[in-house]
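**Student:** The lines below spell out each chain.
There are 2 protein chains.
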Amino acid sequence: MAASAPSTGGEPDPNNSTNLRPPGSSYDAWCGVAHGCTRKLGMKICGFLQKNNSLESSFRERSAKTLLDHQETRFRHTETDFSNLYARDLLPAKNGEEATMQFLLEVVDILTNYIRKTFDRSTKVLDFHHPHQLLEGMEGFNLELSDQPESLEQILVDCRDTLKYGVRTGHPRFFNQLSTGLDIVGLAGEWLTSTANTNMFTYEIAPVFVLMEQLTLRKMMDIVGWRDDEGDGIFSPGGAISNMYSVMVARYKYFPEVKTKGMCAAPRLVLFTSEHSHYSFKKASAALGFGTDNVILLNTDDKGRVIAADLEAKVIAAKQKGYVPIYVNATAGTTVYGAFDPINEIADICEKYNIWLHVDGAWGGSLLMSRKHRHKLSGVERANSVTWNPHKMMGVPLQCSAILVRERGLLEGCNSMCAGYLFQPDKQYDVTYDTGDKAIQCGRHVDIFKFWLMWKAKGTIGFEQHIDKCLDLAAYLYNKIKNRDGYKMVYDAEPQHTNVCFWFFPPSLRGLPDGKDKRERLHKVAPKIKAMMMESGSTMVGYQPQGDKVNFFRMVISNHAATRSDIDFLTDEIERLGQDL
Amino acid sequence: MAASAPSTGGEPDPNNSTNLRPPGSSYDAWCGVAHGCTRKLGMKICGFLQKNNSLESSFRERSAKTLLDHQETRFRHTETDFSNLYARDLLPAKNGEEATMQFLLEVVDILTNYIRKTFDRSTKVLDFHHPHQLLEGMEGFNLELSDQPESLEQILVDCRDTLKYGVRTGHPRFFNQLSTGLDIVGLAGEWLTSTANTNMFTYEIAPVFVLMEQLTLRKMMDIVGWRDDEGDGIFSPGGAISNMYSVMVARYKYFPEVKTKGMCAAPRLVLFTSEHSHYSFKKASAALGFGTDNVILLNTDDKGRVIAADLEAKVIAAKQKGYVPIYVNATAGTTVYGAFDPINEIADICEKYNIWLHVDGAWGGSLLMSRKHRHKLSGVERANSVTWNPHKMMGVPLQCSAILVRERGLLEGCNSMCAGYLFQPDKQYDVTYDTGDKAIQCGRHVDIFKFWLMWKAKGTIGFEQHIDKCLDLAAYLYNKIKNRDGYKMVYDAEPQHTNVCFWFFPPSLRGLPDGKDKRERLHKVAPKIKAMMMESGSTMVGYQPQGDKVNFFRMVISNHAATRSDIDFLTDEIERLGQDL
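Chains A and B, in that order, give the protein sequences. The first sequence begins at 1 in this note's numbering and counts up by one. The second sequence begins at 1001 in this note's numbering and counts up by one.
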């Protein structure tokens, strides 16, 4: 056997006909080989393929130089009867290639039609059903799992129905979450990622993705403003986990012995974050053994921004009680108001008292890519760590969240356990690229590729344009409703991010005197309108109470498909549905 | 406006031509509408489409009843010049539909060719390059990100190259990890999941997926053997996080005040797990504030199974020191040996001392689906929690890991923070289906659909057949090499799982006397052979030291494409590459 080329390993395997095929061959060429070699099996397969008249390959001349090497088969999508085909008939089954390709192309047909409809304003955002309705089973759609396999025809029906009864989060009128939209290049990236089906723990099995992660993180750290000799990071399964990482790393920086000895080795540690900040800080404190009581909430101004003087007062008070302040979170873009805490003022206090500064930019970090809006994160380069979720404001498909840490080595020091079966020191390549031991995970999903590919496709300026456009739309909504009959802003100022928070007063409430009765009735308005929106499927927007404020709508815009007409549609819809409440 | 149907919101949006299209129309029908309505814009678009001769729709009669409602456009894949097309030309851009469909179909072409080659034994498993080589840039493939967008042609080249320089984890000769293989139905499920692009936190935006998760977890709990009134769970981003959940929930069960007061509210807590268990228990202990010193490692027999008497002795010793034993992990399928700890014996001790019993079945849990092999987990129904990763032995695409908890309410109690903006109590549906607050995450990737779809397509018996086949292959390898010249088994018994651990002695080592020199030379054999395998791209298999044992190969089989000929290929390759070492 030649040392430099893979071999077929002796006898062809009767269970897998593809064993016979020479590398790089087309089907036509391969059929020729099969004919030529007089193998009975080869002939049979080739006959099968010809009979089914379904594997016509077409070679194309490609202009890009690098494509010249890739002469590939283009499978033609043909009518196929899936009612007698099963999963066991797909690859790696003998003769499974044709069924596999037709099945996948049929799935793609379902998906491309879904994508087309997603961007079509004449389709509903959702086709709402209650849990019991879906559980009882819709016509032809049964969620129950059984012992016996179902035909691929049923599987295709299940795919259609899953999409039918779901929510079109890419619809131009879906405003319900911070993550909305369906980016086509990002989607293509996800399809490729799942086809590659690998794992981020070692360079060994994800060489390209590991390097993409490294380069993309470096780019993000440059944008944050860190020096070339600073900065480390990792993509995690979401902003809550990224925030959790920041707390872990801060603890490791000040009390590294906690890693081995536990929290009993440290004094009573306290963390500070805004009363408007994300609930993941409390989740992290509970999980990591700090306890939620040791998360000290900071007061905010009427726009939801931390009052720095309150932070300093609370730090001093904590120290007087003998607690040790180790961590402050400044939120860049709060979940509800979209508020930006004053990072520079907070950083001054953190420096004065030697406290870790984290910036939770899960939602607002992306504004760093906009020359117009990045001033809102002024001082972010002083942070010790930053959470930044490209899957929110940058429209990257879920999930894609980064935790960036300014000091190198801390992530590794905090989390590494040096598992011998993965991180062998005696590999043939530079094992510093095996970055998996930085993570609290072992296996880690490839979240980088879609983001890298989108960045390639849009360029930095493409993200900037997207962000600027969404913020313009939020300003449009604000200016439209701030003085409009029946609306009241939750706080009276231009939106800081794309969040626009407002109450809608149905006509029946407008004349009422302020007081408990009006508040109680107003509290019920947003849930009622939201319920009607969902039942009609026309649009979706979030609502919630906050502090002593009763339920109000929180509009957020991150969808690149949304336009002013969609904003107009939303207010029309709120007014229409709220008319008679 | 009608209350039950979405409207187009007044004037058509000039930025989005799809605004004009009536629901359910084909392109032909829609062109008719455009002609008829004499809209200048409509005409222009229609003309564009006809000129490009690319949107031929074909309606098909479908036999399945539920398909009758779905008259859909089938896009024909045509030659398209992508060199002047950019991401900004795709949907939601005006006239972006055709470019979008052609781009996606071109991506699918790349992916289907990759899939075809993945199952083709004449292709390499990988095309190895060192990090510096890929970073310096391969011809036409540059990982650097730039400010300006690149053409879609370049994006397609990047997709090809990303796959070219990656590792084919679905190749029949990829044995490197516990997660291998490429299941076609699972892959289709992932493509759909990324197209749906939603989030598991609420029923509101993932109604179907939330119910699928609930039903699938119930099925898994039935298989574990829990009663109908027992059991809760969640899918997490991998086995390490699932194991972390189990430790958190155990702590919450015994010391719920830790959630609010932190670890200082509890006495010194200790955890027990095998010296052969996964490193995630140490990671969890470090993260959660227990400290790695408080993980007490249990001795194992020569097959890597925990010695129950050692557990009891260590529990007693810990108690005598005033520590509080709260948690024991029994591994069902260790990472290296594939060993199954004796769950019943361990459960007896846990019951006696009132300790939480977790079963880490990340790797071995799937054997519960095999009537032939499930006895290896005998007693699992007595566990308080179980980790089970369908993305390993069941061939589900990454990521798919479940944490199952026998007592209901603990996950919720442990982790809930009741964020008002997500988990509003005044929604119109039964909010007990909003299961997101059980998680330590906020946003959570949809990991369920691919698994649910595979289960539908294979049936329970399909998984059983897959598992039995892989274990048969492991037995085949064991029987082949156990007495073969140049091989030595790391432990001398039939494989418990598909792990087969062995040393290969090159001829030059075979005559040497046992001792330090031979051990040192043997230690270098596996890394050298592995490096040569990777350079030639022929196959991949793992190696590692364990305790005082020098580097040995760990063969694992979870790939449904692997056959006996691939096992033969592996041993041939080891012998060929190791011949002259």
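Hints in this document: simulated from the structure, not taken from any laboratory. Heads up, some of the hints might be wrong.
List of simulated lysine-lysine pairs, PhoX-like, C-alpha gap at most 25 Å [to be verified]:
1. A:Lys253 / B:Lys1480
2. B:Lys1469 / B:Lys1480
3. B:Lys1516 / B:Lys1469
4. B:Lys1427 / A:Lys488
To give a feel for the contact side, a few chain A residues facing chain B, derived at Cβ under 10 Å [what the hints assert, rightly or not]:
5. Leu269
6. Ser378
7. Phe505
8. Pro507
A few chain B residues that don't get close to chain A, going by computed Cβ distances all over 10 Å [as the list claims (entries may be wrong)]:
9. Tyr1086
10. Leu1091
11. Leu1134
12. Glu1312
13. Arg1382
14. Gly1462
15. Asp1517
16. Lys1518
17. Pro1527
We put the CB at the ideal spot given by N, CA and C, even for glycine.
**Student:** Under the constraints set out in the numbered hints, which ones does this structure not fulfil?
**Tutor:** 1, 3, 6, 7, 8, 9, 10, 11, 14 and 17
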